[in-house]
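Going down the list, the protein sequences come from chains A and B.
Our numbering puts the first sequence at residues 1 to 182.
Our numbering puts the second sequence at residues 1001 to 1149.
Please note: incorrect hints may appear among the correct ones.
Derived pair list, reagent style PhoX-like, types lysine-lysine, alpha-carbon separation capped at 25 Å [claimed, not checked]:
no., chain 1, residue 1, chain 2, residue 2
1, B, 1010, A, 164
2, A, 130, A, 142
3, A, 172, B, 1010
4, A, 130, A, 91
5, A, 142, B, 1016
6, A, 148, B, 1010
Hints listed in this document are in silico derivations from the structure and should not be mistaken for laboratory results.
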Amino acid sequence: MDNDDRQIIADLKQDNKRDLAFHQLVKKYQERLYWHIRKIVMSHEDADDVLQNTFIKVWKSIDRFREESSLYTWLYRIATNESLTFLNSNKRRSFMPLNDVSDYLMKNLMSDPYFEGETIQFKLQEAILKLPDKQRTVFNMKYFDEMKYDDMSKILDTSVGALKASYHHAVKKIEEYLKNTD
Amino acid sequence: MDELKEIAPKLSKIKKEQPFGVPDHYFDDFSARLQMKLEAEKRIIPNQQNRIIQFLKPALGLAASFALIFMLVYWPLKSFTPTEVVNNINTENGIPDSEYRSMVEGIDENSFYTLLDEPAQTAEISDDDLLNYLSANVSDYDIYLGTEN
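Excised from the complex, chain B in its bound form (with noise of 0.2 Å):
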């Protein structure tokens, strides 16, 4: 204290006293503000504990949303379509790749320039040439059959 008065005159003759005032009651009510205060705390902290769900929700949506469609339409589609149908689109009407393949290694430069020069020989079957075909392999029985439909 002498100190003080001897390094700040003017301070030390100031009377020490608090000059702040609060109101009325305020100390009796504080506790009971706070209390409330603390249980809105206490209901938000496990609200921030769910704030991951909450952020991972659509991105949750949209998985669930794809997972959906692949159970309703994808797997239905596999599921019911017909073997034959999926195979012959797999090998290309029954002839596999590797069957290709194998037949054109098997023919000569040559012979497969000609073969790409020449044309298409299906289209000119005669007449008598399907006629012959028919009487040799299908009845006249099987014809009216294939007629009445």
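So here's chain A without its partners, still in its complex pose (with noise of 0.2 Å):
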């Protein structure tokens, strides 16, 4: 944990200096959450809601953080549960079978005016959305953020092998979609 981290958790944990540490905590990570979220969830709208509550949990359960990891590997562990069960809460709203979850992630990113990609990014996005969630967010976590296995294990709660193996069949769906498209 870098020095920065460990000052802002420390303040975090004293009455008179929390309001400013959590102000400092969210101006440096705000932006990283909220791409991480967005890859989950797509739209803007849900992405924006979901980033606010994983901030709310991460000020209500702040006493309850042990150090044992990064504040950055704590924040991506919270704003991760909070992607999927937001998604998992809408599946259940709607009565959502299973299969339809990456249409209905697919027509929000169609009416979703901050989409900015070319036809061949949508086309990806699309790929992506016909995986499984958890096997999306690994691929995102990887492919697009590039982030350490070991890292990714300790915020999925998953180990480093099945994080592999989950991330290559991934790729070879990812593959197999951009051929038969074409």
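Two chains, each in its own frame: build the complex with the hints.
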């Protein structure tokens, strides 16, 4: 953990410095967490809601942070859980069968005014959306964020071996989709 | 990267860029919007602690009403009703249950049934007996006072 994060955590645990330290934490991590969430929930509106919920959860549970992992890993873990919980509650609310989730997210992507990619980027997102939620998260973290497997293991609470296998399968599926839709 | 080219040549040709955008100044304003939501959350937390009290309020109200009724009705009645009346009610004209029991136990079975079959004697007092009783026990002055009222 870097010294900056250590200082933020120490300040967060003191009542008189808590608000300012939390503001620093938000400023430092808001963008990274936003993009991580956005790739899971796809639309900007949903990503904004989930990001706010993530930081509120951080605020409420900062006393339980044991500093065994880095602040960055802990924040990513909360953001990932919040995003997957959001998707699952949406599925339950709309009685969506599992296969329809990718269609729902695809609709979100198509109607999102803030999607700025070219046709090939759109096709790649379409292929990624065909993956199951957790595998999609693994692919995004490795492929786009270039995160280390060790860090991913701590965030997703999954073994490095299982993550490597999951990423490999995801790449194969995406490649297959790109070939078939050429 | 070479491995990716090998297992996914099409994917590796796609430029790795962020296809998503955000509204202008989104990240500049985010902190302020979050702060507003946090303030609202902070106000909700103490309210949640009062939730148990809110839940118990009707039951507590009902219990308080019963206590009030008890204080206003039962307690004054008990306090202001003369003790003699209460005792008379409880002991049926001043004779306690234990005395009745000893009287009944003292009578043998035959006498008991004879008593039950006999007509009541109290109503058959003759006028002469009554006059004799009054002249022996009550003076003329007492009778005069009694008839005046």
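TODO: Any hints from earlier that this structure breaks? Give me their numbers in increasing order, please.
DONE: Result: no hint breaks.
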